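Given the coordinates of chain A, work out where chain B should sit on it, guided by the hints.
Going down the list, the sequences are from chains A and B.
Residue numbering for the first sequence follows the working numbering, beginning at 1 and increasing consecutively.
Residue numbering for the second sequence follows the working numbering, beginning at 1 and increasing consecutively.
Just so you know, the hints here were simulated from the structure itself, not pulled from any lab data.
If you're wondering where the values come from, they're calculated on a predicted model, not measured in any experiment.
For each residue, glycine too, the CB sits at the ideal point set by N, CA and C.
Hints are all accurate, no fakes.
Cβ-Cβ distance ranges computed for the label pairs, FRET-style:
| hint | chain 1 | residue 1 | chain 2 | residue 2 | range |
| --- | --- | --- | --- | --- | --- |
| 1 | A | 234 | B | 175 | 43 to 51 Å |
| 2 | B | 150 | A | 127 | 25 to 33 Å |
| 3 | B | 184 | A | 231 | 55 to 63 Å |
| 4 | A | 59 | B | 2 | 30 to 38 Å |
| 5 | A | 2 | B | 110 | 36 to 44 Å |
The residues making up each chain are set out below.
There are 2 protein chains.
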Amino acid sequence: MPLLVMKFGGTSVGDLARIRNAALKVQREVERGYDVIVIVSAMSGKTNELVGWVEQTSPLFDAREYDAVVSSGENVTAGLMALTLQELDIPARSWQGWQVPILTTSAHSAARLVDIPREAIDRKFAEGMKVAVVAGFQGVSPEGRITTLGRGGSDTTAVAFAAAFGAERCDIYTDVDGIYTTDPRISSRARKLDRIAFEEMLELASLGAKVLQTRSVELAMRYKVRLRVLSSFEDTDETSGTVVCDEDEIMESKVVSGVAYSRDEAKMTLVTIEDRPGIAAAIFGPLSEAGVNVDMIVQNISERDYDNHPGAVTDMTFSCPVNQVARARAAMEDARAAGIISYDDLAVDTEVAKVSVVGIGMRSHAGVAATMFRALAAENINIKVIATSEIKISVLIDRKYMELAVQALHDAFELEKAA
Amino acid sequence: MPLLVMKFGGTSVGDLARIRNAALKVQREVERGYDVIVIVSAMSGKTNELVGWVEQTSPLFDAREYDAVVSSGENVTAGLMALTLQELDIPARSWQGWQVPILTTSAHSAARLVDIPREAIDRKFAEGMKVAVVAGFQGVSPEGRITTLGRGGSDTTAVAFAAAFGAERCDIYTDVDGIYTTDPRISSRARKLDRIAFEEMLELASLGAKVLQTRSVELAMRYKVRLRVLSSFEDTDETSGTVVCDEDEIMESKVVSGVAYSRDEAKMTLVTIEDRPGIAAAIFGPLSEAGVNVDMIVQNISERDYDNHPGAVTDMTFSCPVNQVARARAAMEDARAAGIISYDDLAVDTEVAKVSVVGIGMRSHAGVAATMFRALAAENINIKVIATSEIKISVLIDRKYMELAVQALHDAFELEKAA
Chain A
1 MPLLVMKFGG
11 TSVGDLARIR
21 NAALKVQREV
31 ERGYDVIVIV
41 SAMSGKTNEL
51 VGWVEQTSPL
61 FDAREYDAVV
71 SSGENVTAGL
81 MALTLQELDI
91 PARSWQGWQV
101 PILTTSAHSA
111 ARLVDIPREA
121 IDRKFAEGMK
131 VAVVAGFQGV
141 SPEGRITTLG
151 RGGSDTTAVA
161 FAAAFGAERC
171 DIYTDVDGIY
181 TTDPRISSRA
191 RKLDRIAFEE
201 MLELASLGAK
211 VLQTRSVELA
221 MRYKVRLRVL
231 SSFEDTDETS
241 GTVVCDEDEI
251 MESKVVSGVA
261 YSRDEAKMTL
271 VTIEDRPGIA
281 AAIFGPLSEA
291 GVNVDMIVQN
301 ISERDYDNHP
311 GAVTDMTFSC
321 PVNQVARARA
331 AMEDARAAGI
341 ISYDDLAVDT
351 EVAKVSVVGI
361 GMRSHAGVAA
371 TMFRALAAEN
381 INIKVIATSE
391 IKISVLIDRK
401 YMELAVQALH
411 DAFELEKAA
Chain B
1 MPLLVMKFGG
11 TSVGDLARIR
21 NAALKVQREV
31 ERGYDVIVIV
41 SAMSGKTNEL
51 VGWVEQTSPL
61 FDAREYDAVV
71 SSGENVTAGL
81 MALTLQELDI
91 PARSWQGWQV
101 PILTTSAHSA
111 ARLVDIPREA
121 IDRKFAEGMK
131 VAVVAGFQGV
141 SPEGRITTLG
151 RGGSDTTAVA
161 FAAAFGAERC
171 DIYTDVDGIY
181 TTDPRISSRA
191 RKLDRIAFEE
201 MLELASLGAK
211 VLQTRSVELA
221 MRYKVRLRVL
231 SSFEDTDETS
241 GTVVCDEDEI
251 MESKVVSGVA
261 YSRDEAKMTL
271 VTIEDRPGIA
281 AAIFGPLSEA
291 GVNVDMIVQN
301 ISERDYDNHP
311 GAVTDMTFSC
321 PVNQVARARA
331 AMEDARAAGI
341 ISYDDLAVDT
351 EVAKVSVVGI
361 GMRSHAGVAA
371 TMFRALAAEN
381 INIKVIATSE
391 IKISVLIDRK
401 YMELAVQALH
411 DAFELEKAA
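For reference, chain A alone in the conformation it holds in the complex (with noise of 0.2 Å):
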């Protein structure tokens, strides 16, 4: 029997009517032939119920007790898929982390899936089950307790239930309806993706695109599990939403597939520093334990390039999210005072926005770098940062022209056509 596992996100169940909402899609599976496996999240708002009242309880919590008590809200919402799926007639059981078991890492509130032995699912399956709903989000420690993934594990458990199960697809059910080019609250002529390669979709999530979390994407692209975004909330089929699969899949790709933005961004410069080998770890180890998210990171051409010699010096320019700055100035002077690092000044521009684009196609197209420069000077928009790796080219700008850059940008790579 071919197998299909649904993922439906916390505002998908969010109340009785949306989880028999999101039943009548499983149905609709089940009556096509396939035996299905459902992860479910909590019921939106449950999760930070649980999570207020452990904060206000235990500041710095026991993790173990945060995982005993957050998890609940994913087993309510279990049970009552698969009441809701008995209603309609389809043999359904639900299944929490500990029954299937979801074995992990005993991490507490950051577990990692170790493994998901099949044999009590496929029991049930062999019996004539049709839906496994599961609690997404969970899982069981070597010693028994239980644990969570982090947030947005449901994603995480949806894929490794997929890899594991050899699900045909693994279909995320969210409140949009699929991966756009941009922003369509930004660019009107934003146009959903009918398809989108994993790395693609890595670099857009990390850069604010939030529909999917990282972790599942890799785990998805690692295992070869066919995802697919796509609406709780509309009429779908089986070409709704966005398939994310391997490059190999997608035939005529285009070049750029989509523009990507993060709005909250920090430009942080140390003027003056040593140029010598061991000056990035200097500074950014110091960054790095104060748990400051270091983005990107440009090093200034040394006055004196041609040799590291004793007393040559250089800049270093890094980016941060804003609220991380007073940690990161912190971090600076710190180190500054203890002697490792030292610098003149460190200047701060907490007015810029990071503009991307993105798409597989980049590897074996020269010229995008230059179309992007030139439709952002075609705006007049200063570039203060570039960074780039092999299917990305990311800019910060000064905010205020974000939404000018990213419509410019769309319009350049003529996104708002299909390929």
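Positioned in the frame of chain A, the structure of chain B alone reads:
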């Protein structure tokens, strides 16, 4: 190390402040040198919310899914209680039913306890844990599904742990400060009892003094667990509340310990039935199948009681809750239509109440019934039905006289005075 079981009901853990208040009571016992097993209910209102969701989803629900959903309330409280204790620097952890494991039958929503293996919890006590917080009301079936013990099941969980771990005492914290000689809302002279025998408590509980679940008292009696009922909202010490214990421990018992009542009773009389062997089974079989909880049964003296010869007739009177009258009437009419029984008339009086006096001293003292009937006669209260057991005398009377009867009996037996 001596061990205590402490159980906190839903109102005692109704919010974070109340959980903290309960934790302080646990802390006091730990400071006195006890290891403690804490049994918790769901926060008040939570179980009803979950039950409501299940019933709205599926009127004829799968009890296995009901249990999986409804048990989550206790899991949340258990985690929050463990966190609160940790904040008080007490080594504590939570245990869900399957983690202990609390082994039960597969009778979902009304499961019976089978075994509570001590190994896992004992090992943690040996490692220095001072408090095991256990989710009440739940267990796990031989099939590995979550079960619940039915309403009030947390009391039963508490007593079973006290028996399994040889606890010095099982303290049931609730919203009253003990067991009273009668309802203080009805008689201002009601007095809190320091001690009460298991048998008396069973009669009082089933008669409407709904402080302890009947099953938990039965279990405590069988395993000789000393129960104590006390308030979680008052300062309490070792002498607070009411101890429910073996009658051997009660030295100077009064003849009557308490006056109980049940307001919403109905009296039904089948007029002119055959007086033959098997007639009672023919009547009460169909009533039982219809789910009618018959309480008192009185068969009138047969018109010709010297012989059960063919043609002899009699009347049969029984009582049941008012809201089951329609069901009882239908069962009787169906049985008559099917030729199982015959009767001339079914007389129904829905305006009655039951008042009972209870006391283990009755066994060895004559004259209790006479005192009771005289006290009621003095108030001109007519007795409609009388039923007696070894330690209880119950009467049905007009409902409008119920409060008056309770006060008169409380006074007649001088229950306001300590033994």
